Amino acid sequence: MIEIVNIKHMKTVFAALILLTSVLAFGCSRTSSPVVEDKPDETSKIFIQDRTGKKWEITHAVNEYGLDSANFNFGLGPNAIPPILDPQFLKPGDTGYPTSSENFRVIGTTIEGESRAYRISALSGHEVVDDQLGAIYFAVAY
Amino acid sequence: MDLAVVNSRKLLSNVLTLAPSGWTYGRTFVLYDYETESMWLPMENEKNQTEMVCISGQYADQKLPEIESVMTTWNLWKRDNPDTKIMK
Chain G
1 MIEIVNIKHM KTVFAALILL TSVLAFGCSR TSSPVVEDKP DETSKIFIQD
51 RTGKKWEITH AVNEYGLDSA NFNFGLGPNA IPPILDPQFL KPGDTGYPTS
101 SENFRVIGTT IEGESRAYRI SALSGHEVVD DQLGAIYFAV AY
Chain U
1 MDLAVVNSRK LLSNVLTLAP SGWTYGRTFV LYDYETESMW LPMENEKNQT
51 EMVCISGQYA DQKLPEIESV MTTWNLWKRD NPDTKIMK
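Same order as they appear, the protein sequences are chains G and U. Heads up, the first sequence is in the numbering used here, so the first residue is 1 and it goes up one at a time. Heads up, the second sequence is in the numbering used here, so the first residue is 1 and it goes up one at a time.
Rather than coming from a laboratory, the hints here were simulated on the basis of the structure. Incorrect hints may have been included.
What the hints assert, rightly or not - Here chain U is said to cover these stretches of chain G; the calculated rule only asks that three of the stretch's residues, wherever they fall, bring their Cβ under 8 Å from a Cβ of chain U:
| hint | region |
| --- | --- |
| 1 | 95-104 |
| 2 | 117-123 |
| 3 | 132-142 |
Here the structure is a predicted model, which means the values were calculated and not measured. Glycine included, each C-beta is placed from N, C-alpha and C at the ideal position.
Looking at chain G on its own, in the form it has when it is part of the complex (with noise of 0.2 Å):
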């Protein structure tokens, strides 16, 4: 892109010669680097491939948060980590609830005067579970 604003610097003899420099590295860098696309009408493009093929546009990321394309890992894709979208919950009483003297690790909310716990252990095969309580929708996220 550099190269090309260049040429209108440029004398018009040498001209010819810089364009075609600047397109023979202007292909290099396209099969060379294979998480940016470049395209030389729109403003540059940045994806993320993950494992599935799928492509994630992270230009935003990158020029507004100042994130780093090469810090984005794991790449499993969007159904690896499935998360809990319709949670089931057991009140005192019911069958299964803990006794009071237990202490595994739990996550802990209030939310329209009802408290929810989370353990742990349920949360760290999902990472994610959608709830709602009353108007409150909310994420919990480990």
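Since the structure of chain G is already known, use the hints to place chain U on it.
For chain U alone, kept in the frame of chain G given last:
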């Protein structure tokens, strides 16, 4: 990752279904929403609250505020919240 956080998943009148994107950024999970496939990253704001910030997609720059929660153990949570429910 040892960050557990509760956030709103409603933006204006739109309810979002948040899910793991399969990506991490550094040591933090990256979420996305089923509805628009926008990407969401937990970030700490100036009040030490962990917001979900939309870093890419239709909801870019929107934030989902944190809802107060406690990382603790069951016996302590149950002592302080005797009527609590627990996810199966």
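**Structure versus earlier hints, numbers of those that do not hold, lowest first** = The structure breaks none of the hints.
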